[in-house]
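*Asks:* Sequence:
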Amino acid sequence: MNVKTILNILSALLTIMGLSMLFPAFISWLFNEPDLSSFLYSSGMTVSVGFPIWFFTRKSRALRNRDGFAIVTFSWIITALAGALPFYLSGVIPNFTDAWFESMSGVTTTGATIIGNSTTLPNLVNGIESMPHGILFWRSFLQWIGGMGIILFTIAILPLLGVGGVQLFKAEVPGPVADKIRPRINETAKILWMVYVGFTLLQILLLSLAGMPWFDSVCHGFTTMPTGGFSTQNASIAAYSNPVIHYIIIFFMFVAGVNFTLHFRALTGNFKAHVKDYEFRVYLTIIFISTLIIFFNISSTNSDWSHDSFLKSLFQSLTILTSTGYSNANYELWPYLSQHLLLILMFFGAMGGSTSGGMKIARIILLIKYAVTETRRMLHARAIIPIKIGNRTISDEIVRNTLGFSLIYLSIFVLTAFVLSAFNLDFQSAVGAAASAIGNVGPAFGAFGPTDNYALLHPVGKWMLTFCMLLGRLEIFTVMVIFSKVFWK
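So for the sequence shown, our numbering puts the first residue at 1; every next one is plus one.
Errors might be hidden in some of the hints.
Said to hold, decoys possible - Restricting the straight-line Cα-Cα distance to at most 20 Å, the calculated cross-link-like pairs of lysine to aspartate or glutamate (DMTMM-like) are:
no.: 1; residue 1: Lys485; residue 2: Asp67
no.: 2; residue 1: Lys190; residue 2: Asp216
no.: 3; residue 1: Lys485; residue 2: Glu397
no.: 4; residue 1: Lys369; residue 2: Glu332
no.: 5; residue 1: Lys388; residue 2: Glu374
I should point out that these hints are in silico values taken from the structure, not numbers from a laboratory.
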């Protein structure tokens with residue numbers, strides 16, 4: 001393992017994180033708030049550690065695949081550690097475990113929070129709305145840079161490492177445009193980040209025009225495209241009465257749940273890229289069906305067939321499917337059918353190559369097709385029946401990788417839910433928290449519903465959930481390989 005090269009990249013990341021803290025420091029200065037010093041101290045600490053290491057490890061060698069696993073895993077851990085410093089040093093979150101939880105939830109774009117309980121954080125009487133503007137911006141910024149990292153990770157790095165069937169995330173559309181998006185990792189990152197930044201700026205503009213305060217527009221723009229879900233309001237998006245704001249956020253949640261290579265192809269002239277992609281069509285179908293089921297379920301139960309019911313059905317279906325985690329309704333008051341459907345959507349996630357969490361629709365499609373194909377093979381034992389998704393024939397290696405990923409994903413979910421129950425959590429709370437953490441969703445059910453938070457969870461439970469967030473965000477195998485003996489030989 002090339003330790004010097006790994007340290008060079010990680011220290012560069014740490015230095016960038018330190019310099020990034022100057023943005024929320026400026027916000028604190030702008031609003032004349034006392035958390036300015038915490039950002040300056042945090043920035044100084046991270047830069048003073050990161051820059052010297054980067055400077056003395058500049059002459060490094062080329063990377064190997066093994067180095068890639070270490071860099072990716074430790075990048076998210078280091079980013080979360082650095083991100084926790086302003087929370088902790090400002091005194092807004094005086095407990096380091098809680099500061100770590102909030103930061104890891106941010107950089108993994110999970111959106112679970114410990115803020116909002118006056119028992120554990122008496123200094124925040126009004127919960128999130130009591131937080132200084134600099135800290136609110138930092139929460140949002142953590143999710144935004146996490147989303148940028150996810151785009152690079154899932155589209156440019158993971159396919160090179162061959163982890164968990166991520167080759168499925170390659171969009172279907174062939175041709176010369178497809179070749180343009182894969183020249184080199186750095187070029188790929190630049191192209192996709194331009195798309196990411198462009199959508200972010202457009203959303204901020206539209207939210208401002210719709211009447212959302214400029215600061216809230218910036219923060220929500222920074223947390224929608226990464227499908228993060230941190231809000232500046234205790235009630236999340238429900239705090240805004242203008243339905244136009246809700247529809248703007250719905251649109252950008254939808255966009256964030258799409259494979260970013262499809263966006264690039266559409267923006268470069270291939271306007272049929274989306275409709276030609278099989279996974280995209282399934283994505284649309286899931287949104288349509290889940291919205292209708294929830295709408296008819298809650299409307300028939302409450303005898304309310306209004307536009308408001310439809311808006312809440314569409315919003316909650318999309319925010320859970322894309323793992324964004326905003327809320328515009330307390331879905332725990334809905335009938336059990338709707339709640340159980342939302343739980344299922346937590347496992348699905350949106351498209352591969354997007355910023356969403358979950359197993360990803362491409363894998364769900366493959367699992368279903370594998371089950372159907374195996375059933376057909378039982379009837380026609382000698383037949384050679386390939387598994388196809390759209391126009392692509394899926395190799396046996398990808399099938400094996402996907403089956404392995406799915407088995408481990410579900411095993412971690414079951415184990416996490418079981419361990420959480422040891423902290424006196426009811427079944428609904430334990431299962432919901434486990435599914436939400438590994439799926440990078442944020443809100444869950446029971447004690448951790450859309451109007452609740454994770455503040456009262458046992459510290460061990462918080463550390464366990466942050467580990468699940470990391471596993472889910474980095475496609476499990478990327479992290480697990482670090483714990484193998486072979487990796488360190």
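*Asks:* Could you grab the alpha-carbon distance between Lys369 and Glu332 and see if it respects the 20 Å cut-off?
*Replies:* With Cα atoms ~33 Å apart, Lys369 and Glu332 exceed 20 Å; violated.
*Asks:* Lys485 and Asp67 were given as a pair; does the straight-line alpha-carbon distance stay at or below 20 Å?
*Replies:* Between Lys485 and Asp67 the Cα gap is close to 15 Å, so the pair holds against 20 Å.
*Asks:* Does Glu397 sit within 20 Å of Lys485, going by the straight-line distance between their CA atoms?
*Replies:* With a Cα-Cα distance of about 24 Å, the restraint between Lys485 and Glu397 is violated, given a limit of 20 Å.
*Asks:* Given the hinted pair Lys388 and Glu374, is their Cα-Cα distance within 20 Å?
*Replies:* Cα-Cα ~13 Å, so holds.
*Asks:* Given the hinted pair Lys190 and Asp216, is their alpha-carbon gap at most 20 Å?
*Replies:* violated, 27 Å
In summary, the structure is inconsistent with hints 2, 3 and 4 from the numbered list given earlier, while agreeing with the others.
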